[in-house]
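Asks: Protein sequences appear in the order of chains A and B. At position 134 of the first sequence (counting the first as 1) the number is 446 in the numbering used here, and the numbers step up by one without a gap. At position 309 of the second sequence (counting the first as 1) the number is 621 in the numbering used here, and the numbers step up by one without a gap.
The hints are simulated quantities; they were obtained by calculation from the structure and are not laboratory data. Incorrect hints may appear among the rest.
The list treats identical chains as one, so a pair stands whether inside a single copy or across any two.
Okay, derived cross-link-like pairs now, SDA-like style, lysine to any residue, Cα gap no bigger than 25 Å in a straight line [as the list claims (entries may be wrong)]: (1) Lys374 / Gln474; (2) Lys782 / Tyr345; (3) Lys777 / Phe648; (4) Lys782 / Val566; (5) Lys682 / Arg492; (6) Lys553 / Glu459; (7) Lys558 / Gln642; (8) Lys394 / Val524; (9) Lys460 / Thr418; (10) Lys558 / Asp591; (11) Lys374 / Asp344; (12) Lys537 / Arg324; (13) Lys374 / Asn454; (14) Lys325 / Leu445; (15) Lys394 / Gly414.
Being a predicted model, the structure only gives us computed values, none of them experimental.
There are 2 protein chains.
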Amino acid sequence: MQEKKQVKSIPRKGDDLSEWYTQVCLRAQLVDYTPVRGCIALRPYGFALWELIQAEFDKRFKATGHHNAYFPLLIPESLLIKEAEHVEGFAPEVAWVTQGGGEELTERLAIRPTSEAIIGTMYSRWIQSHRDLPVLINQWCNVVRWEKATRPFLRTLEFLWQEGHTVHASEAEAAEEVQRMLEIYREVAEDVLAMPVIKGRKSENERFAGAVATYAIEALMPDGKALQAGTSHEFGQNFSKAYDIKFTDVDEQVKFGYTTSWGVSWRIIGGLIMTHGDDRGLVLPPAVAPYQVAIVPIMKTGDETVMPAAVQLRNTLASVVRVTLDDREQSPGWKFSEWEMRGVPLRVEIGPRDVAQNVVTVVRRDTLEKSTIPFDDVAARVPALLEEIRASLAARARKELDAHTVVATDRAAFVEALKRQDGFVLAPWCERSECELDIKAETSAVTRVIAGPADPGQVCAYCGKPAKVKAYFARSY
Amino acid sequence: MQEKKQVKSIPRKGDDLSEWYTQVCLRAQLVDYTPVRGCIALRPYGFALWELIQAEFDKRFKATGHHNAYFPLLIPESLLIKEAEHVEGFAPEVAWVTQGGGEELTERLAIRPTSEAIIGTMYSRWIQSHRDLPVLINQWCNVVRWEKATRPFLRTLEFLWQEGHTVHASEAEAAEEVQRMLEIYREVAEDVLAMPVIKGRKSENERFAGAVATYAIEALMPDGKALQAGTSHEFGQNFSKAYDIKFTDVDEQVKFGYTTSWGVSWRIIGGLIMTHGDDRGLVLPPAVAPYQVAIVPIMKTGDETVMPAAVQLRNTLASVVRVTLDDREQSPGWKFSEWEMRGVPLRVEIGPRDVAQNVVTVVRRDTLEKSTIPFDDVAARVPALLEEIRASLAARARKELDAHTVVATDRAAFVEALKRQDGFVLAPWCERSECELDIKAETSAVTRVIAGPADPGQVCAYCGKPAKVKAYFARSY
Chain A
313 MQEKKQVKSI PRKGDDLSEW YTQVCLRAQL VDYTPVRGCI ALRPYGFALW ELIQAEFDKR
373 FKATGHHNAY FPLLIPESLL IKEAEHVEGF APEVAWVTQG GGEELTERLA IRPTSEAIIG
433 TMYSRWIQSH RDLPVLINQW CNVVRWEKAT RPFLRTLEFL WQEGHTVHAS EAEAAEEVQR
493 MLEIYREVAE DVLAMPVIKG RKSENERFAG AVATYAIEAL MPDGKALQAG TSHEFGQNFS
553 KAYDIKFTDV DEQVKFGYTT SWGVSWRIIG GLIMTHGDDR GLVLPPAVAP YQVAIVPIMK
613 TGDETVMPAA VQLRNTLASV VRVTLDDREQ SPGWKFSEWE MRGVPLRVEI GPRDVAQNVV
673 TVVRRDTLEK STIPFDDVAA RVPALLEEIR ASLAARARKE LDAHTVVATD RAAFVEALKR
733 QDGFVLAPWC ERSECELDIK AETSAVTRVI AGPADPGQVC AYCGKPAKVK AYFARSY
Chain B
313 MQEKKQVKSI PRKGDDLSEW YTQVCLRAQL VDYTPVRGCI ALRPYGFALW ELIQAEFDKR
373 FKATGHHNAY FPLLIPESLL IKEAEHVEGF APEVAWVTQG GGEELTERLA IRPTSEAIIG
433 TMYSRWIQSH RDLPVLINQW CNVVRWEKAT RPFLRTLEFL WQEGHTVHAS EAEAAEEVQR
493 MLEIYREVAE DVLAMPVIKG RKSENERFAG AVATYAIEAL MPDGKALQAG TSHEFGQNFS
553 KAYDIKFTDV DEQVKFGYTT SWGVSWRIIG GLIMTHGDDR GLVLPPAVAP YQVAIVPIMK
613 TGDETVMPAA VQLRNTLASV VRVTLDDREQ SPGWKFSEWE MRGVPLRVEI GPRDVAQNVV
673 TVVRRDTLEK STIPFDDVAA RVPALLEEIR ASLAARARKE LDAHTVVATD RAAFVEALKR
733 QDGFVLAPWC ERSECELDIK AETSAVTRVI AGPADPGQVC AYCGKPAKVK AYFARSY
């Protein structure tokens, strides 16, 4: 019965991306739905993937001087409302605790939708002098936002993320920090997850509640929609004034600090599933694959050579990659399908003939190419193959992104391109919020990021007023 | 001003343990109080300590076949109430979400006080066959219990912990798992944290709500009170029946699984603070010290030899230990006090005379002993010194535990020993709940763990009825 369940095919990725996505999430055993509305369970395979992604970010945060810490889950309403724009942005999405220890509370407690309010409050106690700056703290935690429609990883009521919160003595240092972290997000997305992104500033409509400027990385999904995969915010002195984050500067003057925050969530997993997956299921970038290699022994009745060789192979590989030896009782064919569904970058098959010839058969998940490798070369060859897979996934995804990015400078081409719903449209833009809302009403697309200033004399591709910037437009998740 | 704050003395540990403890938690910058009732912020130094403790547990969980996963924070009331004893035990401590997305919810959602209910619900979906067993999953997460009195680490509304949840085909395998994890808890407490514990089964009064049997490790604090530092529970089929966790066995019969859970929280940090700390502040066991070595350069005006030597020392040590070079502008004396307060196991001082003689001065935090080491021997000598510190802390704490554990076999000695409130009293006991409640009423002490069966013919030290077991009694945190 288990065998049947696994073999049942999933929709083709090109036929029904949405159903394909859901099926891959479930069948690869990354997640499961739960009886808690909008909340998923991250199963061991999904959590292992998340742990590896976390580790890639975390080591880069630490290398740039950041420290992890932990702040309370529950935020009293009176703290949350101190920054007016911030609370206005988040209030509709808040889950409220109103009862505790058998009693009605006198003040509602928000489950953190993000932690600027509580962290700002603590920073006002911890920072007195310029010597205390910069404060560079990150928190890995769960947050809750009361979303209506939900999808595994992409949008869930509760999600896991990291939120960095920093305080600086000057606006310039804060601006530098925001770019530094955005660049780390780009680096992990592109170099580790092999998922190309565009990077830039958000429009006024799209920026974080309470921010002076929001920057983001955005990936392009196969249905032509953008996926925001990481954001980095400059707050100016908005939050330091709201939460009283002051310091005595070198010149003995008491000043408000400049704060930033930046976050990446498990949403990025949704991005890599859609970017790399295929009709057989998940395709994982090697750097974050819980198993980089799955060894499938092909046993014939009476043969006693295969298992010892497979065990030796596993032991050899274990020192260079994350490897599993699949010694379950199911058939090799069933195992092939399962490890393909679960996206393991390399499958190594070993049967009696391979043992006799002192070779193994290696199958790449990304191309499904088979090759034969001498047994003694495996430990040297496998890491190189994993690197080839990473490079190949990155190149393929980059090609897709480029192929689905068009430039439009006049209204007809701009509207037509957006209505095709086929990716990014890069266009000169006036930067007016009203113009963006008009574009959205007509095409369902908005700006994703602002790439830079417009060329001299350019006019807005949509409204014809003078263009200030070049912006990427697309529909989005 | 900062200098003044740091130098201000804390109460002596022997004079006022409670105030000493609070001051050490704050002054060592492990935690801070927050405006959220009963909730603390874990500051970077405290979080780094927690991360190192987590890593010690986590690698042992993984080595014994467990995988991490993540389940929802919010648990619908209808799920929580399925196991009657369980909900009765936890209901008074639950924080309830009653509003979300601007609306009153039709069903209250509990913030998890522990996750048996939601994990059991998911397991009933994931387990069909004996081939799916055992399921060995662990979760690192936050939980909320609505406590009245709170203390940093020891008792807080929200705390960080891990909870392992496993399912087995037989009672014997479940029992084995419970002991295996308890032994891992003992090993980390004693061998890594240098904190000796007693280990055993809990009495009926003291066991987890819904468990068939609870086992625990308990450490002894300097005020003679026991601190429960880890628990491991056998649930029999209670939870599998409540949450419908069934499997088809080899014999084709459908059976209920046997479940377990086991947990350790950041409370164990409270234990190690009280166990090892002294009048100068925190004393950290080397294995989990965020910095194992602090280098304090002693600069004289005009000297240009010390800083380069200190940097070289830092670079040399960085490959073998976690080291920080304190190049701040404060005086060496201020830095000595600060690193003592923060419990760094070894301080390395280097001044112009040291540089001239090609030596450094090393000060052990545990004994405050100074020694001089040739510069070139530092990388070899420091790890050995750290191991000496671990062994010495463990031996000292073991001696304390032994010195404060007495055996009592008759009522007068038993009651007198418990009223002295000076540690563990090991005594033959009848194992009756009524007897334990009487003992509590008279002495404030209860059983901490049951060590084993009574000797033949022994009677209960308190009530004189036939003794079934030998139990450790003490007051507790």
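Asks: All hints are to be evaluated individually against the structure, with a verdict given for each.
Replies: The hints, checked one at a time:
Taking the shortest alpha-carbon separations for Lys374 and Gln474, both the intra-copy value of 13 Å and the inter-copy value of 24 Å come in at or below 25 Å. In this assembly of identical chains, the alpha carbons of Lys782 and Tyr345 never lie at most 25 Å apart, being 41 Å within a copy and 47 Å across copies at closest. Within a single copy, Lys777 and Phe648 get their C-alpha atoms no closer than 58 Å, and across copies no closer than 65 Å, so neither meets the 25 Å cut-off. Taking identical chains as interchangeable, the C-alpha atoms of Lys782 and Val566 are never at most 25 Å apart, the minima being 39 Å within one chain and 64 Å between chains.
In this homomeric assembly, Lys682 and Arg492 never come within 25 Å of each other (Cα to Cα): the closest approach is 41 Å inside a single copy and 43 Å across copies. Neither within a single protomer nor between protomers do Lys553 and Glu459 lie at most 25 Å apart by alpha-carbon distance, with minima of 30 Å and 33 Å respectively. Within a single copy, Lys558 and Gln642 get their C-alpha atoms only as close as 64 Å, which misses the 25 Å cut-off; across copies the closest is 22 Å, which meets it. In this assembly of identical chains, the alpha carbons of Lys394 and Val524 lie at most 25 Å apart only when taken from the same copy (16 Å versus 49 Å across copies).
Taking the shortest Cα distances, Lys460 and Thr418 sit within 25 Å of each other only across copies (15 Å), while inside one copy they are farther apart (28 Å). For the homomeric pair Lys558 and Asp591, neither the shortest alpha-carbon distance inside one copy (55 Å) nor that between copies (33 Å) is at most 25 Å. Only between protomers do Lys374 and Asp344 lie at most 25 Å apart by alpha-carbon distance; the minimum there is 22 Å, versus 32 Å within a single protomer. For a Cα distance limit of 25 Å, the shortest separation of Lys537 from Arg324 inside one copy, 18 Å, qualifies, whereas the shortest one across copies, 63 Å, does not.
Taking the shortest alpha-carbon separations for Lys374 and Asn454, both the intra-copy value of 20 Å and the inter-copy value of 23 Å come in at or below 25 Å. In the homo-oligomer, the alpha carbons of Lys325 and Leu445 never lie at most 25 Å apart, since the shortest distance is 49 Å inside one protomer and 33 Å across protomers. Taking CA atoms no more than 25 Å apart as the test, Lys394 paired with Gly414 passes between copies only; the shortest distance there is 19 Å, against 29 Å inside one copy.
Consistency note: the structure conflicts with the earlier hints numbered 2, 3, 4, 5, 6, 10 and 14.
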